[in-house]
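Participant: Once you've looked at the hints, dock chain B against the given chain A.
2 protein chains.
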Amino acid sequence: MAQKAVVLLSGGLDSTTVLAQAQADGYQVYALSFDYGQRHDSELDAAKKIAERAGVTEHKIIPMNLRTIGGSALTDADLAVPEEESEGIPVTYVPARNTVFLSIALGWAEVVDADAIFIGVSAVDYSGYPDCRPEYIAAFEKMANLATKRGVEGRSVRILTPLIDLTKADTVRLGLSLGVDYSATVSCYQANSQGEACGVCDSCRLRIKGFAGAELADPTRYVP
Amino acid sequence: MAQKAVVLLSGGLDSTTVLAQAQADGYQVYALSFDYGQRHDSELDAAKKIAERAGVTEHKIIPMNLRTIGGSALTDADLAVPEEESEGIPVTYVPARNTVFLSIALGWAEVVDADAIFIGVSAVDYSGYPDCRPEYIAAFEKMANLATKRGVEGRSVRILTPLIDLTKADTVRLGLSLGVDYSATVSCYQANSQGEACGVCDSCRLRIKGFAGAELADPTRYVP
Numbered sequence: 273m274a275q276k277a278v279v280l281l282s283g284g285l286d287s288t289t290v291l292a293q294a295q296a297d298g299y300q301v302y303a304l305s306f307d308y309g310q311r312h313d314s315e316l317d318a319a320k321k322i323a324e325r326a327g328v329t330e331h332k333i334i335p336m337n338l339r340t341i342g343g344s345a346l347t348d349a350d351l352a353v354p355e356e357e358s359e360g361i362p363v364t365y366v367p368a369r370n371t372v373f374l375s376i377a378l379g380w381a382e383v384v385d386a387d388a389i390f391i392g393v394s395a396v397d398y399s400g401y402p403d404c405r406p407e408y409i410a411a412f413e414k415m416a417n418l419a420t421k422r423g424v425e426g427r428s429v430r431i432l433t434p435l436i437d438l439t440k441a442d443t444v445r446l447g448l449s450l451g452v453d454y455s456a457t458v459s460c461y462q463a464n465s466q467g468e469a470c471g472v473c474d475s476c477r478l479r480i481k482g483f484a485g486a487e488l489a490d491p492t493r494y495v496p
Numbered sequence: 273m274a275q276k277a278v279v280l281l282s283g284g285l286d287s288t289t290v291l292a293q294a295q296a297d298g299y300q301v302y303a304l305s306f307d308y309g310q311r312h313d314s315e316l317d318a319a320k321k322i323a324e325r326a327g328v329t330e331h332k333i334i335p336m337n338l339r340t341i342g343g344s345a346l347t348d349a350d351l352a353v354p355e356e357e358s359e360g361i362p363v364t365y366v367p368a369r370n371t372v373f374l375s376i377a378l379g380w381a382e383v384v385d386a387d388a389i390f391i392g393v394s395a396v397d398y399s400g401y402p403d404c405r406p407e408y409i410a411a412f413e414k415m416a417n418l419a420t421k422r423g424v425e426g427r428s429v430r431i432l433t434p435l436i437d438l439t440k441a442d443t444v445r446l447g448l449s450l451g452v453d454y455s456a457t458v459s460c461y462q463a464n465s466q467g468e469a470c471g472v473c474d475s476c477r478l479r480i481k482g483f484a485g486a487e488l489a490d491p492t493r494y495v496p
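Residue numbers (the numbering used here), protein chains in the order written: chain A, 273 to 496; chain B, 273 to 496.
A couple of the hints might just be wrong.
No copy is singled out in the list; a pair is fine if it fits within one copy or between any two copies.
[To be verified] Straight-line C-alpha distance at most 20 angstroms; calculated EDC-like pairs for lysine to aspartate or glutamate:
(1) K481 / D442
(2) K332 / D307
(3) K421 / E407
Please keep in mind that the hints were generated in silico from the structure rather than gathered at the bench.
Just so you know, these numbers come straight off a predicted model, no measurement behind them.
Just chain A, with the same shape it has in the complex:
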């Protein structure tokens, strides 16, 4: 029987590539997305379409309103999304977001008896978020195996980050080699209701740089 994995799927470029990698590695995939008060719904629509096309075993979308906590430009309508690079940790950082998402993934992993959780973080072309670094992932994995029944029984769960050492261009190349169709993915922090990307936010800038670096065409529709 195939090993099972929970894959965190935002509907963006990175998580879509990770989903393809998990399937290429032979995992039976349980995709997990969050409705966390994002500025737009096109990201979730993308996640649904991608999970369906990939033929995952199950796709759950968990309502998780991080707006009630606030503190980020991604969930707080009063904070503007910056359109140029800044020093340090940017205002688009959502406090403890990856920790919350990985924790819920951990709960589901325990219920379906999954051996791994995949998350599309990268410590190379990233936005300076502390919860994208390998030392954070290692600490989460250690904690996870002390937290759960599986861990206590000595059947550890692994947190797998196939993109951790990849540039955005490497990720795009990897995805295309795995047959990923990037036209369905949404990266923009403030895409409009037609799913058109702004082209200027941090996430758009990283995506554009990725396709340019890989010398490939970006199928994203940007606002004219």
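Facilitator: For chain B alone, coordinates are given in the frame of chain A:
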């Protein structure tokens, strides 16, 4: 200015005692409860009453439906709550519950710039849940300080567990010394809509043992 703490408040005996301890330690309290598909609402009603009486700075109740994940007798109506002691990790264990709750507390702690998160776990009179052990708490704290902006800036957040080495009887004694009114607390896993406790589930048995051990009267209303 007083230090701030996020306190996980279920409305039960332990978390109510912890809230009183945090206030006695001089913390300004941000109480956090979850509406996670418990079998009954009286626990949340208790939490509201307790937070209000304690005069906390803010009390948030986060909708967090763990029923969508399943796997526990506390959130899955098809699994029976056991009425006698069992070996190992019981079916009332909610997969990764403390990890999910502490993660969201971590996000809020970062937003309000809190120095500590209080959780009422005990490794003595407990139900055998892996996420109540000191090694788990230490691993979570380590991960938390790698996950957040505060941690990266060297201003660490502490996970405080004042009940970790206490028996249930010790906890009751501590609470009474801090002036806790236990009549508002609800421990039972299957209290009825009048807030009456069953008296036979694991949590009721631990509570009864606690009051008996402390040689004190339990103000809980049990079903006749």
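Participant: Against this structure, judge whether each hint is valid.
Facilitator: Here is how each hint holds up against the structure:
Proximity of K481 and D442 under a CA criterion of 20 angstroms is satisfied intra-copy only: 11 angstroms inside one chain copy versus 60 angstroms between copies. Taking the shortest Cα distances, K332 and D307 sit within 20 angstroms of each other both inside one copy (10 angstroms) and across copies (19 angstroms). With identical chains, the CA atoms of K421 and E407 are at most 20 angstroms apart between copies only, with a shortest distance of 14 angstroms across copies and 24 angstroms within one.
The structure fails none of the hints (numbered hints given earlier).
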